[in-house]
Structures are given as C-alpha cells and as structure tokens.
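Respectively, the protein sequence lines represent chains L and E.
Residue numbering for the first sequence follows numbering that gives the first Met the number 0, starting at 0 and increasing by one per position.
Residue numbering for the second sequence follows numbering that gives the first Met the number 0, starting at 0 and increasing by one per position.
Hints listed in this document are in silico derivations from the structure and should not be mistaken for laboratory results.
All figures in this text were calculated on a predicted structure; none of them were measured in a lab.
A couple of the hints might just be wrong.
To be verified - Derived DSS-like pairs (lysine-lysine); straight-line CA-CA distance at most 27 Å:
#1 E:Lys106 / L:Lys58
#2 E:Lys73 / L:Lys85
#3 L:Lys34 / E:Lys23
#4 L:Lys58 / E:Lys23
#5 L:Lys58 / E:Lys66
#6 E:Lys106 / L:Lys85
#7 L:Lys20 / E:Lys106
#8 E:Lys98 / L:Lys34
#9 E:Lys23 / L:Lys79
#10 L:Lys117 / E:Lys101
#11 L:Lys85 / L:Lys117
#12 L:Lys20 / E:Lys22
#13 E:Lys73 / L:Lys79
#14 E:Lys106 / E:Lys22
#15 L:Lys34 / E:Lys101
#16 L:Lys58 / E:Lys72
#17 L:Lys58 / E:Lys22
#18 L:Lys117 / E:Lys73
#19 L:Lys20 / E:Lys73
#20 E:Lys98 / L:Lys20
Okay, here's what each chain looks like letter by letter:
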Amino acid sequence: MISAEDFDELFDETIPSDTAKGQEVQERIIALMEKYNFTERDIFSTRLALEEGIINAIKHGNRMDQNKVVRIQWAISPEKIRVVIKDEGPGFDPCDVPDPTALENLERPCGRGIMLMKAFMDLIEYSERGTILTIEKNQGSE
Amino acid sequence: MAAGRRIDVEEVGDVTIATFVDKKILDENNIQQIGSQLFALVEEDGRKRIILDFSNVEYLSSAALGKLITMDKKVKANSGKLRLCSIRPDIYEVFAITKLNKLFDIKDAQEDALQGF
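Let's have the full structure, built from the sequences with the hints guiding it.
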C-alpha cells in the first residue's frame with residue numbers, strides 16, 4: 000500500500016469492525032503528527048478526515064461485520080502524512096454518492112463525510128472499487 | 000457505556016439553551032447519546048425554542064451533522080425554532096462546506112441567538 004521510501008516512519012495496523020478500535024488508531028496517528036510538529040489546523044483536518052474515513056470503512060464498507068477487518072497503514076515525514084484505509088466490503092463508486100449540498104439532498108445523511116475529507120485534505124483517492132481510501136495532508140497546508 | 004449527560008440545559012425565559020459538554024462530537028456512542036438527549040427536549044419536554052450552544056465543541060463529524068439535521072426537522076415539525084450559536088471558525092467551516100449554514104439559523108454568540116427569538 001504505502002512505500003516506505005518517501006517517509007520517516009511507517010505503521011500498519013489491522014483492526015476489527017469496531018469504532019472504538021478505530022478511535023485508538025486515530026489517537027495514535029494524531030499523537031504522531033504532534034510529535035512531528037504538524038500545525039493545529041493540519042491536526043484538525045486530519046482528525047476529521049480519519050474519523051470519516053475509518054467510520055465509512057467500518058460502517059458502510061464492512062457493515063459492522065465482526066468477521067471483517069479494516070487495515071490502516073500510515074506513514075509520516077516532516078513534510079506530510081499519508082493514511083491508507085482498506086475495508087473488506089463490496090466497494091462503491093464514489094461518483095454515485097449524491098451531492099449532499101444540493102438543496103434536495105441537504106437533509107440526507109450520505110456523502111457529507113467524503114465531501115469534508117476532500118475539503119480538508121490535500122489528497123483523497125479511492126481505489127480497488129472504493130475499498131481502499133488514501134488521504135494525505137501536507138505540513139502547514141491550508 | 001453509561002449514558003452520561005452530554006448537554007447542559009438552561010432556561011432563559013421560554014428559551015431553552017442546550018450547551019454541548021463534549022469537546023469532540025465524533026464517537027458513535029457519544030453521538031447517539033447526544034441525539035437522544037437533544038430529541039428528548041422536543042419529544043418529551045415539548046420545548047419549542049431551542050438554542051444549541053457550541054462553545055465547548057472543537058471537533059464535529061458528519062455523523063453529528065446528521066443528528067443536528069434530524070433535530071432541526073423535529074423542532075420544525077413541532078412548530079418550534081432552533082438556533083445554533085458560538086461555533087468556532089474551524090467548525091463553522093464544516094457547516095459552510097456542507098452548505099448546512101443555509102439550513103440552520105446560526106448566530107455568533109448566545110446573546111445574538113437570544114435576541115428576537
């Protein structure tokens with residue numbers, strides 16, 4: 000998933016479909032960003048994106064199935080952090096998610112998480128039919 | 000997990016001010032509890048004018064936005080009014096990006112929210 004060459008540290012964790020376990024990984028990633036002196040703004044953005052990405056993988060990807068796991072890989076350098084989240088669900092087409100900001104969809108629950116990740120991160124990419132999400136934040140980017 | 004109090008409720012005249020206790024409204028259990036406690040204000044207590052105060056909130060996920068949207072619907076269905084206030088800039092951005100700043104009546108401070116409510 001992530002090639003270690005571009006980064007100083009690389010971590011790989013596989014968790015069950017349990018949001019509390021997802022939170023634990025999230026805290027480890029945030030602590031690592033603090034160690035590398037990422038700005039508060041970077042941390043705010045990444046925490047938000049991690050929450051959305053991990054929850055999507057557990058709830059919408061694995062559908063909370065306890066027999067399925069989520070693999071989270073993250074790598075950091077002083078310049079950037081990259082996180083790859085892989086679920087074992089059937090996948091989805093990100094283009095099929097309705098625009099949550101369209102007036103008729105404003106009250107619908109879906110699509111807002113992806114939209115927030117796009118707005119707050121420097122890179123968000125889905126691959127393998129939507130089962131692998133890659134997000135990236137550059138140090139000090141808006 | 001025990002259902003702790005996730006909102007502080009205060010009354011100013013006939014207006015109910017519900018202040019979120021948590022800094023982070025992210026965790027699934029937490030969001031469920033917040034939803035139940037908010038909905039109870041309308042469904043059990045029959046409160047009509049409600050202000051949600053975000054001064055403590057530093058993080059908010061899209062799942063939390065979903066609860067707020069449902070809350071707004073419930074209040075309107077009960078012929079009531081809902082206002083949001085004291086939202087810090089990072090969090091306001093979350094509302095603006097998702098265009099929910101157009102759905103909700105958002106005021107800067109609690110005094111502004113009380114004004115003419």
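Hints, verified against the model:
1. Of the pairs offered as hints, the one joining Lys106 of chain E and Lys58 of chain L is violated, with about 33 Å between alpha carbons and a cut-off of 27 Å exceeded.
2. In summary, the hint linking Lys73 of chain E to Lys85 of chain L is not supported, as the alpha carbons are separated by about 36 Å, beyond the 27 Å threshold.
3. A C-alpha spacing of about 21 Å is found between Lys34 of chain L and Lys23 of chain E, which places the hinted pair at or below 27 Å, so the restraint holds.
4. Restraint check for Lys58 of chain L and Lys23 of chain E: the C-alpha separation of about 20 Å stays at or below 27 Å, so the hint holds.
5. Restraint check for Lys58 of chain L and Lys66 of chain E: the C-alpha separation of about 17 Å stays at or below 27 Å, so the hint holds.
6. Among the hinted pairs, Lys106 of chain E with Lys85 of chain L is inconsistent with the structure: their alpha-carbon atoms are about 40 Å apart, more than 27 Å.
7. Between Lys20 of chain L and Lys106 of chain E the alpha-carbon distance is near 36 Å, which puts this suggested pair outside the 27 Å criterion.
8. For the suggested pair Lys98 of chain E and Lys34 of chain L, the alpha carbons sit about 34 Å apart, so the restraint of at most 27 Å is broken.
9. A threshold of 27 Å between alpha carbons decides the hint, and for Lys23 of chain E with Lys79 of chain L the separation of about 24 Å falls inside it, so the pair holds.
10. With a C-alpha separation of about 20 Å, the suggested pair Lys117 of chain L and Lys101 of chain E falls inside the 27 Å cut-off, and the hint holds.
11. A hinted pair counts as satisfied when its Cα atoms are at most 27 Å apart, and Lys85 of chain L with Lys117 of chain L qualifies at roughly 18 Å.
12. For the hint pairing Lys20 of chain L with Lys22 of chain E, the CA-to-CA distance comes to about 20 Å; that is within 27 Å, so the pair holds.
13. Between Lys73 of chain E and Lys79 of chain L the alpha-carbon distance is near 43 Å, which puts this suggested pair outside the 27 Å criterion.
14. Distance check on the hinted pair: Lys106 of chain E and Lys22 of chain E sit about 19 Å apart at the alpha-carbon level, within 27 Å; holds.
15. As the CA atoms of Lys34 of chain L and Lys101 of chain E are separated by approximately 38 Å, the hinted pair breaks the 27 Å bound.
16. In summary, the hint linking Lys58 of chain L to Lys72 of chain E is supported, as the alpha carbons are separated by about 24 Å, within the 27 Å threshold.
17. For the hint linking Lys58 of chain L to Lys22 of chain E, the alpha-carbon distance of about 23 Å falls within 27 Å, and the restraint holds.
18. For the hint pairing Lys117 of chain L with Lys73 of chain E, the CA-to-CA distance comes to about 30 Å; that exceeds 27 Å, so the pair is violated.
19. For the hint pairing Lys20 of chain L with Lys73 of chain E, the CA-to-CA distance comes to about 33 Å; that exceeds 27 Å, so the pair is violated.
20. Of the supplied pair hints, the one linking Lys98 of chain E and Lys20 of chain L is violated, its CA atoms being roughly 31 Å apart against a limit of 27 Å.
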